[in-house]
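What follows is each chain in one-letter form.
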Amino acid sequence: MKIYLPLDSVAVALGADDVAQAILAYASKMGVQIELIRNGSRGMVWLEPLVEVETSTGRMGFGPCNVADVPALFGDLSQHPKAVGLIDALPWMAGQTRLTFARCGVIDPLNFSDYTEHGGFAGLARALDMASGDIVAEVTASGLRGRGGAGFPTGIKWKTVADAKAAQKYIVCNADEGDSATFADRMLMEGDPLTLIEGMVIAGLATGATKGFVYIRSEYPIAIDVMEKAVVLARAKGVLGASVMGRGPAFDIEIRVGAGAYVCGEETSLLNSLEGKRGVVRAKPPLPALQGFMGQPTVVNNVISLASIPVIMAKGAAHYAAIGLGRSRGTIPLQIAGNVKYGGLYEVGFGLTLGQIVDDIAGGTATGRPVKAVQVGGPLGAYFPRALFDTPFGYEEFAGKEGLIGHAGLTIFDDSADMLAQARFAMEFCAIESCGKCTPCRIGAVRGVETVDRIAKGDAAAIPLLTDLCATMKSGSLCALGGFTPYPVLSALNHFPADFARVKEAAE
Amino acid sequence: MLDTATLTSRTDEILAAHSGREGALLPILHDIQAEFGYVPQESLPQIARALNISRAEVHGVVSFYHDFREAPAGRHVVKLCRAEACQAMGADSLSAHARAKLGVDWHETTPDGAVTLEPVFCLGLCACGPAAMIDGKLTARLDNAKLDTILGDLA
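Residue numbers (the working numbering), protein chains in the order written: chain A, 2 to 509; chain B, 763 to 917.
I should point out that these hints are in silico values taken from the structure, not numbers from a laboratory. Virtual Cβ for every residue (Gly too), placed ideally from N, Cα, C. Careful, some of the hints might be misleading.
Said to hold, decoys possible - Straight line, CA to CA, 27 Å or less: simulated DSS-like cross-link-like pairs of lysine-lysine:
id : chain 1 : residue 1 : chain 2 : residue 2
1  : B       : K899      : A       : K230
2  : A       : K342      : A       : K285
3  : A       : K342      : B       : K908
4  : A       : K458      : A       : K438
5  : B       : K863      : A       : K83
As the list claims (entries may be wrong) - Just a sample of chain A residues kept apart from chain B, beta carbon distances all over 12 Å, derived:
id : residue
6  : A12
7  : P72
8  : I157
9  : K278
10 : N495
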């Protein structure tokens, strides 16, 4: 009897380790032979911890499971009170186009043969037979753009590094996923770490880099653990080391752990942090592609960008590029979060409208109250009101509505949300996390909190001041932290003016 | 109190383990903190010498990152998520409850030394908030009662 139970942070935070112990204890008590596999998450957070049992018709799901639900797993499965049916037939799974996350939740994350049997290393095998320039061309043709939020074409970045002359080049994976509502990087690293490693190796082949780093935030202890084990496994199997797969050049990977600084998700500040310095933003140019880690040519890519490479190489650029909308090609792992009925990760081609995502896929709020606002793209993303729910999910489409898709995280708020408080928080967060290098961000965020407080006390004259301050931060900041904090602030102000129309307190 | 001999010898071992590593300061500081519970001031000159940088540079790095402590924490560290997705599920009122219950503000330790309360901005548990990390262990879907039970078990 094969039983799956995720080792994913969500499942663990909701009690999966206790359930795992209970399963092993009950099986041993009943004398039933079982194999318990700690897989990644399927991304259906409302069902976690989600137990899956392999049956002749497919994998049956049971969730959310607690310890009390364990004994019934050994009885008539169709009568189990938490039975949800065959996993692959669930609308949430059936509606997706899982390319990057195809194996996540399916395989044992640290089982090498499980990985290869599910299509793993097909992309790398093809890349090893190609000239480096052809790999770059393939990635460019796929239309893949940086999934960390900036949306820069991955192939063009790779070409810059490939064309640079240097004795040492690097691949740096940005796994400093600090945006609230985003957890795709974490889920991928916990559920299918070898995909990321494969993507990084291909990036090395394409650019001539022989050393890679994965910079993971310290808030992700399980992802760090799984990735470290995966690197050891990949070395033992010859994927990493002196010669990739025994027939390529050298490539090795080191896992590095961040130290709680949000700004280190910005690529130049991440590079400083990797070098052992304060995570302060660097002015660009020089581009990291030319002078990155230790001044050497460096590819800095997000986890999802790199983890999408193997499937692009395996299925071909055309297959990937055929999916999507406008200049947003391929799939995007939507991360639906906050006050949500059916939250989690949903990988799909670009182009669904915000309304389809929030109302149809996510089923609205967990509280059952009306949706007031959806913040798209993390703490630096705009708040969207229902009036903009017809916006299709794509880089340009969201930019056209004064927003951004960022890392594709969506935080849903019900009608109890106070948008003035959310605007204040955006400024407060920027003040806490500012690296301090540029003045608009360092000082502007502090003044921003004070200005929102004035508005809260009924001082309407502070509203144009806030707008002006946002314009300064937007155009004067070195990086997206100061530069994008105006997005949540101004969208809250523009779309929810009623929340900013406060009555002066009697005492004044 | 740490005795100087232990501190020096353990710091030396940690430094030796990272020797030759590119940009080794963060991994070194993580190990120092894992060993001593904080980054002791006394270890800074030793780290600086090993990396051939100034003591001020090491201090600059220690003070930049939220994770590194310059003094020991309480016996337990409770990190409550304050980010937007958890806010949407009531994180603000949960943290107000926690601060009142413990009688401390953010970054403070209860007088008996049992609990240090820290904010954290996202644990990646955004569809099952409010979330927290307690002594390195993740927990989610918190409410006042569930948090009280957890806090009650911390001594």
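For each hint, the structure was consulted:
| no. | hint | in the structure |
| --- | --- | --- |
| 1 | B:K899 with A:K230 | holds (19 Å) |
| 2 | A:K342 with A:K285 | violated (42 Å) |
| 3 | A:K342 with B:K908 | holds (20 Å) |
| 4 | A:K458 with A:K438 | violated (31 Å) |
| 5 | B:K863 with A:K83 | violated (36 Å) |
| 6 | A12 | violated (10 Å) |
| 7 | P72 | holds (24 Å) |
| 8 | I157 | holds (27 Å) |
| 9 | K278 | violated (6 Å) |
| 10 | N495 | holds (18 Å) |
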